[in-house]
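S.K.: Sequence:
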Amino acid sequence: GKHVVLTLSHTGNAEIYKMNMENGQISPITHHSAADVDPSFNRDGGLMAFLSDRPGKAMIYVMDPRAVEKDVKRIGFVGQFNATPRFSPDGKEIVFASWVDERFDLFRLNADGSGLARLTKDFGSNEEPAYSPDGEFIIFSSQRVLSRKKAIQDIYLMDKDGEILGSLTSNMGNCLTPRWSK
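Our numbering applies: residue 330 is where the sequence shown begins, and numbers increase by one.
A few of these clues could be false.
To be verified - Distance windows between CB atoms, simulated: (1) 486 with 350: 30 to 36 Å; (2) 350 with 384: 31 to 37 Å; (3) 400 with 508: 38 to 44 Å; (4) 353 with 509: 28 to 34 Å; (5) 399 with 495: 28 to 34 Å; (6) 439 with 497: 25 to 31 Å; (7) 333 with 398: 15 to 21 Å.
I should point out that these hints are in silico values taken from the structure, not numbers from a laboratory. Each residue gets a CB set at the ideal place from its N, CA and C atoms; glycine is no exception.
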(Lines of atoms letter the chains of each structure in order from A and count residues from 1; the text may use other names and numbers.)
(Lines give C-alpha, C1' and ligand atoms only; values in the text may rest on other atoms or scores of the structure.)
Protein backbone atom coordinates (compact mmCIF):
# COMPACT_ATOMS: atom_id res chain seq x y z
CA GLY A 1 0.00 0.00 0.00
CA LYS A 2 2.97 2.36 0.16
CA HIS A 3 4.33 1.74 -3.34
CA VAL A 4 3.18 1.77 -6.94
CA VAL A 5 5.02 -0.11 -9.66
CA LEU A 6 5.06 1.49 -13.08
CA THR A 7 6.88 1.63 -16.39
CA LEU A 8 8.86 4.80 -17.02
CA SER A 9 10.96 5.81 -20.01
CA HIS A 10 12.34 9.09 -18.68
CA THR A 11 15.91 7.84 -19.23
CA GLY A 12 15.19 6.97 -22.86
CA ASN A 13 14.49 3.27 -22.30
CA ALA A 14 11.36 1.75 -20.78
CA GLU A 15 12.12 0.22 -17.38
CA ILE A 16 10.00 -0.91 -14.44
CA TYR A 17 10.25 1.18 -11.27
CA LYS A 18 8.84 1.18 -7.75
CA MET A 19 7.55 4.57 -6.57
CA ASN A 20 7.19 5.41 -2.90
CA MET A 21 3.74 7.01 -2.56
CA GLU A 22 4.74 9.03 0.50
CA ASN A 23 7.75 10.84 -0.94
CA GLY A 24 7.58 10.21 -4.72
CA GLN A 25 11.04 8.60 -4.79
CA ILE A 26 11.52 6.03 -7.54
CA SER A 27 13.86 3.07 -7.57
CA PRO A 28 14.49 0.68 -10.48
CA ILE A 29 13.34 -2.91 -10.51
CA THR A 30 14.63 -3.67 -14.01
CA HIS A 31 17.75 -2.25 -15.60
CA HIS A 32 18.48 -3.57 -19.09
CA SER A 33 19.16 -2.14 -22.54
CA ALA A 34 15.90 -3.73 -23.75
CA ALA A 35 12.46 -2.29 -22.97
CA ASP A 36 10.80 -3.81 -19.87
CA VAL A 37 7.06 -3.11 -19.43
CA ASP A 38 3.69 -4.31 -18.11
CA PRO A 39 4.42 -5.66 -14.61
CA SER A 40 2.09 -8.10 -12.84
CA PHE A 41 2.62 -9.49 -9.33
CA ASN A 42 1.75 -12.67 -7.53
CA ARG A 43 -0.25 -12.32 -4.34
CA ASP A 44 2.63 -11.89 -1.89
CA GLY A 45 4.62 -9.61 -4.21
CA GLY A 46 7.60 -11.97 -4.27
CA LEU A 47 7.37 -12.66 -8.01
CA MET A 48 6.81 -10.23 -10.86
CA ALA A 49 5.92 -11.16 -14.44
CA PHE A 50 6.68 -8.60 -17.13
CA LEU A 51 7.30 -8.17 -20.84
CA SER A 52 10.76 -7.55 -22.21
CA ASP A 53 12.16 -7.35 -25.70
CA ARG A 54 15.50 -8.76 -24.52
CA PRO A 55 15.30 -11.47 -27.19
CA GLY A 56 14.38 -8.85 -29.82
CA LYS A 57 10.63 -9.24 -29.33
CA ALA A 58 8.26 -8.92 -26.38
CA MET A 59 8.34 -12.12 -24.32
CA ILE A 60 7.36 -12.93 -20.73
CA TYR A 61 9.92 -12.89 -17.96
CA VAL A 62 9.60 -13.39 -14.21
CA MET A 63 11.85 -12.08 -11.45
CA ASP A 64 12.08 -11.31 -7.76
CA PRO A 65 11.13 -7.60 -7.65
CA ARG A 66 12.76 -6.94 -4.29
CA ALA A 67 16.11 -6.14 -5.94
CA VAL A 68 17.25 -4.85 -9.32
CA GLU A 69 17.41 -7.64 -11.93
CA LYS A 70 17.17 -10.36 -9.25
CA ASP A 71 16.66 -13.91 -10.56
CA VAL A 72 15.37 -12.82 -14.00
CA LYS A 73 14.11 -15.79 -16.03
CA ARG A 74 12.43 -15.90 -19.43
CA ILE A 75 9.34 -18.12 -19.39
CA GLY A 76 7.55 -16.97 -22.59
CA PHE A 77 8.57 -18.87 -25.72
CA VAL A 78 5.34 -19.16 -27.74
CA GLY A 79 4.34 -17.01 -30.71
CA GLN A 80 6.02 -14.09 -32.42
CA PHE A 81 5.57 -11.95 -29.28
CA ASN A 82 3.61 -11.94 -26.02
CA ALA A 83 1.34 -9.40 -24.30
CA THR A 84 -0.42 -8.72 -20.99
CA PRO A 85 0.87 -11.38 -18.58
CA ARG A 86 -1.46 -11.63 -15.55
CA PHE A 87 -1.08 -13.82 -12.46
CA SER A 88 -3.84 -16.04 -11.15
CA PRO A 89 -5.00 -15.02 -7.65
CA ASP A 90 -3.02 -17.87 -6.06
CA GLY A 91 0.11 -16.81 -8.00
CA LYS A 92 0.66 -20.27 -9.48
CA GLU A 93 -0.31 -19.48 -13.09
CA ILE A 94 0.00 -16.69 -15.63
CA VAL A 95 -2.47 -16.06 -18.43
CA PHE A 96 -1.31 -14.00 -21.41
CA ALA A 97 -1.86 -13.20 -25.08
CA SER A 98 0.54 -14.30 -27.80
CA TRP A 99 0.67 -13.40 -31.49
CA VAL A 100 0.18 -16.72 -33.30
CA ASP A 101 -1.32 -17.39 -36.75
CA GLU A 102 -1.69 -13.66 -37.54
CA ARG A 103 -3.79 -12.93 -34.43
CA PHE A 104 -3.64 -12.94 -30.65
CA ASP A 105 -4.62 -16.08 -28.79
CA LEU A 106 -4.66 -16.72 -25.05
CA PHE A 107 -2.32 -19.09 -23.26
CA ARG A 108 -1.75 -20.16 -19.67
CA LEU A 109 1.43 -21.41 -18.04
CA ASN A 110 2.75 -22.08 -14.58
CA ALA A 111 4.72 -19.29 -12.91
CA ASP A 112 7.92 -21.33 -13.36
CA GLY A 113 7.33 -21.53 -17.14
CA SER A 114 6.11 -25.14 -17.25
CA GLY A 115 2.68 -26.42 -18.26
CA LEU A 116 1.95 -24.28 -21.32
CA ALA A 117 -1.70 -24.58 -22.45
CA ARG A 118 -3.43 -22.85 -25.36
CA LEU A 119 -6.82 -21.51 -24.27
CA THR A 120 -8.17 -20.01 -27.52
CA LYS A 121 -7.88 -20.94 -31.18
CA ASP A 122 -10.02 -19.98 -34.16
CA PHE A 123 -12.04 -17.59 -31.99
CA GLY A 124 -11.02 -14.17 -33.33
CA SER A 125 -8.12 -12.15 -31.95
CA ASN A 126 -8.08 -12.48 -28.16
CA GLU A 127 -6.31 -10.11 -25.79
CA GLU A 128 -6.09 -8.57 -22.33
CA PRO A 129 -6.95 -11.58 -20.16
CA ALA A 130 -7.53 -11.28 -16.41
CA TYR A 131 -8.39 -13.92 -13.80
CA SER A 132 -11.47 -13.60 -11.62
CA PRO A 133 -10.75 -13.02 -7.91
CA ASP A 134 -11.46 -16.71 -7.19
CA GLY A 135 -9.25 -17.88 -10.11
CA GLU A 136 -12.03 -19.91 -11.73
CA PHE A 137 -12.70 -17.64 -14.71
CA ILE A 138 -10.85 -15.48 -17.21
CA ILE A 139 -12.29 -12.35 -18.79
CA PHE A 140 -10.80 -11.06 -22.06
CA SER A 141 -11.46 -8.93 -25.12
CA SER A 142 -11.94 -10.56 -28.51
CA GLN A 143 -12.14 -8.98 -31.94
CA ARG A 144 -14.21 -10.47 -34.76
CA VAL A 145 -13.55 -9.21 -38.27
CA LEU A 146 -16.90 -8.90 -40.03
CA SER A 147 -15.71 -7.46 -43.32
CA ARG A 148 -12.77 -5.57 -44.82
CA LYS A 149 -14.11 -2.40 -43.20
CA LYS A 150 -15.82 -3.61 -40.05
CA ALA A 151 -14.73 -5.44 -36.91
CA ILE A 152 -16.25 -5.68 -33.45
CA GLN A 153 -14.45 -6.11 -30.13
CA ASP A 154 -16.43 -7.51 -27.22
CA ILE A 155 -15.70 -8.83 -23.74
CA TYR A 156 -15.93 -12.58 -23.24
CA LEU A 157 -15.82 -14.97 -20.30
CA MET A 158 -14.18 -18.40 -20.19
CA ASP A 159 -13.40 -20.87 -17.47
CA LYS A 160 -9.75 -21.22 -16.49
CA ASP A 161 -9.35 -24.20 -18.82
CA GLY A 162 -10.44 -22.27 -21.92
CA GLU A 163 -14.10 -23.19 -22.32
CA ILE A 164 -15.76 -20.06 -23.70
CA LEU A 165 -18.89 -19.33 -21.67
CA GLY A 166 -20.11 -16.42 -23.78
CA SER A 167 -19.91 -12.71 -24.46
CA LEU A 168 -20.62 -10.14 -21.77
CA THR A 169 -21.00 -7.23 -24.20
CA SER A 170 -22.64 -6.90 -27.59
CA ASN A 171 -22.99 -3.93 -29.95
CA MET A 172 -21.43 -1.53 -27.44
CA GLY A 173 -18.53 -0.38 -29.64
CA ASN A 174 -14.95 -1.49 -29.09
CA CYS A 175 -14.80 -3.02 -25.63
CA LEU A 176 -11.25 -3.18 -24.27
CA THR A 177 -9.18 -3.86 -21.15
CA PRO A 178 -11.60 -5.78 -18.92
CA ARG A 179 -10.69 -6.08 -15.24
CA TRP A 180 -12.51 -7.65 -12.31
CA SER A 181 -13.60 -5.49 -9.41
CA LYS A 182 -12.70 -6.68 -5.92
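S.K.: Decide, hint by hint, whether the structure agrees.
M.R.: Now the hints, each set against the structure:
At roughly 33 Å, the beta-carbon separation of residue 486 and residue 350 lies within the given 30 to 36 Å, and the hint holds. Range check, residue 350 to residue 384: about 33 Å between beta-carbon atoms, so the 31 to 37 Å window is met. Between residue 400 and residue 508 the Cβ separation comes to about 28 Å, which falls outside the hinted range of 38 to 44 Å. In this structure, residue 353 and residue 509 meet the distance hint of 28 to 34 Å, their C-beta atoms being roughly 29 Å apart.
Restraint check, residue 399 to residue 495: a C-beta distance of roughly 42 Å breaks the suggested window 28 to 34 Å. The supplied range of 25 to 31 Å is met by residue 439 and residue 497, whose beta-carbon atoms lie about 27 Å from each other. Taking 15 to 21 Å as the suggested C-beta distance range, the pair residue 333 and residue 398 conforms, at roughly 20 Å.
The structure fails hints 3 and 5 (numbered hints given earlier, in ascending order).
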